[in-house]
Amino acid sequence: MRRGRAWTIWKIAACDFRLTMREKSTVLWIFLMPLAFITFFGLSFGGGSGRTPLAALTVENNDGGFLSADLVSLLEGENYFVQMSDTLPDGADPVRTLVIPEGFTDGVLGRGKVELALLREKGSNENAGRAASAAIFRSLARLVSGLVEIEEGLIREGSESIAIRGDTLYGSLLLVSQGGPGMAAVVEQRIDTMLVRPSNVTVRPERAGRSMETPGGFQSSVPGSLVMFVLMTMLFSGAAITAERQSGLLKRIGMSPAGKGDVVAGKLLGRILIGAVQIIFLLAVGRLFFRISLGNDIDGLFLLMLAFAFAMGSLSILFGSLLSDPDQVTTIGVITAMAMSALGGCWWPLEMVSAPMRVVAYCLPTGWTINGIHRLMSFGMGTAAVLPHIAVLTLFGLVFLAAGAKRLKWDV
Amino acid sequence: MTEMIVVKELSRSFGEIRAVRGIGFTVARGEIFGFLGPNGAGKTTTISMLSGLLRPDSGSITIDGMDMASHGRDIRRIMGIIPQEIALYEELSGRDNLLFWGGLYGLAGGELRDSVDRALELVELIDRAKDPVRTYSGGMKRRINLCAGLVHDPKIILLDEPTLGIDPQARIRILDVVKGLADRGKTIIYTTHYLEEAEHICDRIAIIDEGTIYASGTLAELVELVGGKIMVTVSGGFGAGDVRELVGDAEIDHIENGELRVKLLDRDSTGRFLGGLFSTGLHVDGVAIREPSLESVFLQVTGRELRD
Ligand SMILES: Nc1ncnc2c1ncn2[C@@H]1O[C@H](COP(=O)(O)OP(=O)(O)OP(=O)(O)O)[C@@H](O)[C@H]1O
Ligand SMILES: [Mg+2]
Chain A
1 MRRGRAWTIW KIAACDFRLT MREKSTVLWI FLMPLAFITF FGLSFGGGSG
51 RTPLAALTVE NNDGGFLSAD LVSLLEGENY FVQMSDTLPD GADPVRTLVI
101 PEGFTDGVLG RGKVELALLR EKGSNENAGR AASAAIFRSL ARLVSGLVEI
151 EEGLIREGSE SIAIRGDTLY GSLLLVSQGG PGMAAVVEQR IDTMLVRPSN
201 VTVRPERAGR SMETPGGFQS SVPGSLVMFV LMTMLFSGAA ITAERQSGLL
251 KRIGMSPAGK GDVVAGKLLG RILIGAVQII FLLAVGRLFF RISLGNDIDG
301 LFLLMLAFAF AMGSLSILFG SLLSDPDQVT TIGVITAMAM SALGGCWWPL
351 EMVSAPMRVV AYCLPTGWTI NGIHRLMSFG MGTAAVLPHI AVLTLFGLVF
401 LAAGAKRLKW DV
Chain B
413 MTEMIVVKEL SRSFGEIRAV RGIGFTVARG EIFGFLGPNG AGKTTTISML
463 SGLLRPDSGS ITIDGMDMAS HGRDIRRIMG IIPQEIALYE ELSGRDNLLF
513 WGGLYGLAGG ELRDSVDRAL ELVELIDRAK DPVRTYSGGM KRRINLCAGL
563 VHDPKIILLD EPTLGIDPQA RIRILDVVKG LADRGKTIIY TTHYLEEAEH
613 ICDRIAIIDE GTIYASGTLA ELVELVGGKI MVTVSGGFGA GDVRELVGDA
663 EIDHIENGEL RVKLLDRDST GRFLGGLFST GLHVDGVAIR EPSLESVFLQ
713 VTGRELRD
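Taken in order, these protein sequences are the chains called A and B.
Per our numbering, the first sequence starts with residue 1, numbered consecutively.
Per our numbering, the second sequence starts with residue 413, numbered consecutively.
Derived from the structure by calculation, the hints contain no laboratory data.
A hint or two may mislead.
[Unchecked claim] When the alpha-carbon atoms are kept at most 20 Å apart in a straight line, the in silico DMTMM-like pairs for lysine to aspartate or glutamate are as follows:
hint, chain 1, residue 1, chain 2, residue 2
1, B, 542, A, 23
2, B, 591, B, 621
3, A, 113, A, 102
4, A, 260, B, 502
5, A, 260, A, 23
6, B, 553, B, 595
7, A, 409, B, 543
8, B, 553, B, 486
9, A, 24, B, 497
10, A, 24, B, 502
11, B, 420, B, 476
12, B, 420, B, 621
13, A, 113, A, 157
14, A, 113, A, 60
15, A, 24, A, 327
16, A, 24, B, 486
17, A, 409, A, 325
18, A, 409, B, 469
19, B, 420, B, 497
[Said to hold, decoys possible] Where chain B lies over chain A, by a calculated footprint (3+ residues, C-beta under 8 Å):
hint, region
20, 4-16
21, 240-252
22, 256-268
Quick caveat, the model's predicted, so the values are computed rather than measured.
Where is the CB? At the ideal position from N, CA and C, for every residue including glycine.
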């Protein structure tokens, strides 16, 4: 019994996979070079410099006052990536949310009772939750101690709206701010000035969810290198298609029962398999050897990376179809890989670049992938948070694939 | 006689170049049909169209009762194609190459392995089967190239100059394999620009040049075309007028200053003609005598020599 098309596609994929894995240069580019890059960039970004946000916290702010805004900036000072709940992308589940109630500012200024709630998604990391609570307490403590200092100052100045008579404190900052025209602004300004002063309590930032020392450099050099080298592996593989056309192999395959669709599918599948091996290898090495956190959702991370490999594998088929010389493919592959890595945020965090460059990053598959990885790895979000990313990458892939299949020629 | 391949009015151009110009032929089951023609005659272009790789500009191809335009994939399943260029994965071993090509045609498991072994035996390469193809000699590559198209036991085999650039010994082995395939009932199209090969193995031969089939038939039929005559070509420092009377009743094929080509009925008349020529004392540089053969047929129908 002769097998059908799926078998033919599999044969083409397996052959490409095998040929790639046999090549010495492949071993170098797929496995060794990324390790060198991770180590180099990891060490140069250095032990926990904390330049990149360490954990994510969603804040739902129902208060209109300035104190809640101050609290948010204090949290950001705690090295938290604070995401306001109303700017959360569609479909993203916040892992943990701090709810600031309505009337927070007035309540605190009036020394009334206010309740903050920290909501946690089921299954979110326990340690990360504790770290988040600790960070919130520290921020609140700074806020409150700041308020107390201001009160003391006002009392010394003999303010009418706040005073100590006998053992009792009368009035409040709320009364001060309501004490006359412009007073609210005065209080607000004093508090803001107070809070930007360097804290006299030094807080050692802890990686959310991990009590163990981790050099922060690797936490960002692994994702960057992962994306960049999967990209290179994929783009360089376009040269093989061109070489097969030159040697008459593609023509011979075209004379077999395999149609153009089968050949493109087989070649793409082979490339995705190679990508998958590289992804698993680099994530495993990152986790076990460089001891980085892969976040709470490894399946999502793998899926995201596979979508990226699909998009870039398709681009390699397009390159292989459009260009006629393997060296050309390699040259254009290197240029494209470098440009897409740099602009997409593989080399430095996108938070560092200007707004227009961030827009450029989101026009590129690399930008989407890096952003998705950060959501999963750094902010502890789940697969749902990267579904839009996976969809966009798949779309990129389909467009490249359609163009590549249309332009594929058997013959030189 | 079952017709396995029926080609009608087939044409294909590449821009200005009319590579194939309305050719037609039929090939019966178990027959070796030869395409004899010089470089650029249109042999590979014809093979590419027969293999479904290249779409004809016009004309039709029917193979085993199926129309190429609508049943390309089904046709390609029963066809084995041996391309003119050696197309193999140089880094893979001979066996792995065959496993790949056989797999592409849907073979799997034990059936695939057995077929590969049979193919390797056929071309006597079992011993070197494990070595990468890049370490093979030219002749060995040709042989693997040949059997890569045979692993799936095709009914119809298209061979495009399978003996190109190899030594006579390796060529004989390949020709034997091809003959053996025909004996087992395979239908074969064999292109070549070697006269002897065509004479040696083909049941019928089409003479092709400039995209046109000038004549086709069995060797005997083709020889009959030139009237079964001996062709004598004389060159030297003489004018056309000097030699015209010498010819007598022999048929002049071609005459100009310095060259004369005549057809003579038999050896006796050839001897008389040459005796007469030399007795005139004309300056003769060379004399070529061709017995009725494919070579003389080729010369006759295309008006030029086929040189290797
Ligand atoms: N892809 C192509 N593009 C342009 N011209 C082509 C192409 N393929 C073939 N030709 C032209 O068509 C003509 C026939 O070529 P073809 O390869 O069929 O000849 P051939 O008989 O196989 O010759 P050879 O013995 O050299 O292999 C030649 O003039 C060739 O230059
Ligand atoms: Mg040819």
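Which numbered hints turn out to be false for this structure? 2, 4, 5, 6, 7, 8, 9, 13, 16, 19
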